[in-house]
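Q: Below, each chain spelled out in residue letters.
2 protein chains.
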Amino acid sequence: MNNFDFCSPTYFVFGKSRETETGKYVAKFGGKKVLIHYGGQSAIKSGLLERVKKSLDEEGILYVELGGVKPNPRSELVYEGISLCKKEQVDFILAVGGGSVIDSAKAIAMGIVYDGDFWDFFSGKSPVKALPIGTVLTISAAGSEGSENTVITKEDGMLKRGAGGDCLRPKFSILNPELTMTLPAYQTACGATDIMAHVFERYFTNTKDVEITDRLCEAVLMTMIKETPKAIKDPNDYGARANIMWAGMVAHNNIVGVGREQDWNSHGIEHELSALYDCAHGAGLAVIMPAWMSYVVEHHDCMRFAQMAVRVFGCEMDFENPKATALEGINAFKSFLSSIGMPVNFKELGARKEDIPTLVDKFGIGDGTTGGYVPLDKNAVTAIYELAV
Amino acid sequence: MNNFDFCSPTYFVFGKSRETETGKYVAKFGGKKVLIHYGGQSAIKSGLLERVKKSLDEEGILYVELGGVKPNPRSELVYEGISLCKKEQVDFILAVGGGSVIDSAKAIAMGIVYDGDFWDFFSGKSPVKALPIGTVLTISAAGSEGSENTVITKEDGMLKRGAGGDCLRPKFSILNPELTMTLPAYQTACGATDIMAHVFERYFTNTKDVEITDRLCEAVLMTMIKETPKAIKDPNDYGARANIMWAGMVAHNNIVGVGREQDWNSHGIEHELSALYDCAHGAGLAVIMPAWMSYVVEHHDCMRFAQMAVRVFGCEMDFENPKATALEGINAFKSFLSSIGMPVNFKELGARKEDIPTLVDKFGIGDGTTGGYVPLDKNAVTAIYELAV
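So the sequence lines, in the order shown, correspond to chains D and C.
The opening position of the first sequence corresponds to residue 1 in the working numbering, with each subsequent residue numbered one higher.
The opening position of the second sequence corresponds to residue 1 in the working numbering, with each subsequent residue numbered one higher.
Just chain D, same shape as in the assembly:
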C-alpha cells in the first residue's frame, strides 16, 4: 500500500424527502445568497426545484437561478454562471441535478474566486479556492456529489477535460433515492456503468498489498450487479435505488481507491467518444471498458482479471488456465452490460470506425505513453478503439 492522504468532509444527507432540508444545510454552511444551478425541464416539472426554493425561503436565503446544463456540460454556461454570480454577489453554489450539473457548479465555484480564465484549471493549474458547493442529487452515476473532481467540455475543439482539488468537495450533498425513480432505464443503466467504471479504474493497479481496497471495490461492484437489474425492472424499487445511490458515492469519493495507483485510461479514451458524438458518458464507458480489458489482459499478467472473475462475477477459478478465468470475467462484465441495455460496441453506440484516427489524435498523447495499469501509446489506444468496433 502506498502512502496517502484522504479527507472526505462532505456532509451527506440521505433518504426520503431530505431535499426539503436544503435550506437548513445551506444556512449551516454559511450561504446567504445562492445560485441554483440545474439542467432541463425535469427539475421544474417534477416540483423538485419548487421544494428546494421553498426550503431556501424558509431560511430566508436569497437565490438566483441558472438552468440549461446539458450532459457533458459546456464551458459556455460556466462562463455565464460566473458572470451572473459575480454580478449578483452569490456566496454559495447549489447544484440540483446529476453529475453534469454538479460538475458545472464546481467549475463556476472555482471561476468566481479566480481572476483569470476558469479553463486554466482544466489545463493543468490546481484549484485551491472555490465558493462552497451544495448538491441535491438526482442521478446516481458520476459520484461528483462526494468527489473532488469535475469534467467540462470546451466547445472550441470539443475538448473534454477534468480538474480536481479538495476545495471542490461539496459541503453537503442531499441524496434522496426517490428522485432517481423517474429516470428511464437507459439512463439508470448508464449511471450504473459509470459507477462500476469508477471502481474498475481503481481496481486495476500494480500496487501490492491492497486487500482492503480490493475488497471494498468488489463490494461496490457486487452491489451494482445485484441492484441495477432490480432498479431497471422496477423503477420504483426504493431499496435498489438507495443501494445504487450510496454505492455511487462510495465508488468515487476515493475511500475504495486510497493508497494504490489508479488507471483512468478508459475514462480518458471514452471522453473522446462523448466529446465527439455527445453520447452519454456511461454508454461510452460500456463500449470502451470491456475493450480496454480485452487489450490489457493480453499485455499484463492476468491474475487481477482472474480475481475479478472469481470474486465479483462468481466464476470458478481454472487453476490450470487462469487466463481462461480472466477472459470469462471480462465476458461476464460485457454480458452484464448488455443485459442492462448498454451498447457494447461502436455500432450500438452510433460511433464510426473511420473516426478512430480523429479520436486517437484528440486523445493527445502524441508519441508518448499514458501511465496506468498498462501504459498505453498511440498504437495501443488505436487498438482499444478497434477492439470496441
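No lab work stands behind these hints, which were simulated from the structure alone.
Owing to the predicted nature of the structure, the values given are computational and were not obtained by experimental measurement.
One or more of the hints may lead you astray.
For identical chains, the list gives no copy identity; a pair is met inside one copy or between any two copies.
[Said to hold, decoys possible] Straight-line alpha carbon distances no greater than 27 Å define the calculated DSSO-like cross-link-like pairs of lysine-lysine that follow:
#, residue 1, residue 2
1, LYS24, LYS171
2, LYS86, LYS362
3, LYS129, LYS208
4, LYS86, LYS33
5, LYS28, LYS171
Chain C: place on chain D using the hints.
A: Relative to chain D, chain C alone:
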C-alpha cells in the same frame, strides 16, 4: 435502507514516517498550544514522542504532556487532563497512542469547554462542543481515530460507559502502520477482534435493502481474516499492518453502518467483563461475541448468519438446512479467533462463572430489554454470559 446523515471529516494522513508531519497538521487545524496525551513508556522508548515533539517544535507549537493512560481509560486521568489544560490554556488535544489514549483525549477535549462534570456526557448528555483533537495512532483496534465515540471507565463502581457526537471526530489522524509493528501478537489479535466486532455490531440488523453496507462489512471482515494471521506470523509485514490499519478505520467511522439499525449488545455485555477484570476489550469480545451469536441464532431467523457463513467464511450453503450453515459460520468465527490466539471462553479469559449475577446486575437493564437485532432481557444476557463460560 433507513434515512441517515453521514459526515466523516477527519483528514487521514496514512503511511510510513507520516508522524513527522504532526506539527504541520496541528498548525493546519489552528493548534497553538497542545496537550500531548499518551500511555506508558513505549511511546517514549520507541522515540515516537520525540519525533512528534520535534515536529511540533518545527512549527513553533507549544505543548504540555500528560502520560499514563491505561487500557480501559479512567475518569481520574481525564479530570487531571482537564485541570492541566485549563491551567495551561491548551487549545488542541493531541493523542499519541491507541484507542484508550484517543478516548481519554476526547473526554478531556469535551470536558475543557464544559462547565459541569465531564461524566455528564457519559450519563446521557450529548456533547456539542470540544477542543479540536488530533491523533497519532499506534494500535489498530478501536477505530477511535475516525469515529465520533469514546468509552471511559469511572473508578467509582467501575462503570464503563460511552459517549458520542460529531464534535469528537478528530480533525486529523496520522496512521503509520510501522508504529504497530512492535505490538505483541496478543495485542495485535485483540485489536483485530475489536475491528471485526465493530463490523458485526453493524452487520446484524433487521433493516432491509442494505446490500451496499452488507458488502462493505463483508469486505472488512474478509480483509481481517486474510491479513491478521500474516501480521501475527511476521510482525514486520508492512502490507498486512497497513491493510489492518485502514480496515480498522473503515470498520468504525460508520461508512459501513449507515442507514441500518445496529446492535451493539455484545459491546455492552463485554464492557462489564473488561470493567470487572480489566481484561483487554478485544479479548472480552472474543469471548462474548461468539456466545452472543450462539444465543441469537436460536432466537431469530438464521439467514443473516448463513449469509455471513457463505460470504465471509466461504462455507457452502446447505439449502436443505440453512441453520447448519449458520452454525458452521459461527464456529468458523470462533475457530478463527482461537487460531489468532484469542480466548474464547471465561476460563481462557480468566473470568469466573460465579460473577455472572454481578455482571448482569452491572449491565443494568433491570426488568427492561435492550434494543438490537434480538432485544435482550436480563435472562437473555445471563444466558449469553453462561454460553461464554
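Q: Hints first: check each against the structure and report whether it holds.
A: Going down the list of hints, with the structure as the test:
1. LYS24 - LYS171: Both, since 13 Å and 24 Å are each at most 27 Å.
2. LYS86 - LYS362: neither (34 Å within a copy, 62 Å between copies)
3. LYS129 - LYS208: neither (34 Å within a copy, 41 Å between copies)
4. LYS86 - LYS33: Within one copy only: 11 Å inside, 40 Å across.
5. LYS28 - LYS171: both (10 Å within a copy, 19 Å between copies)
Violation of the numbered hints given earlier is confined to hints 2 and 3; the remaining hints are satisfied by the structure.
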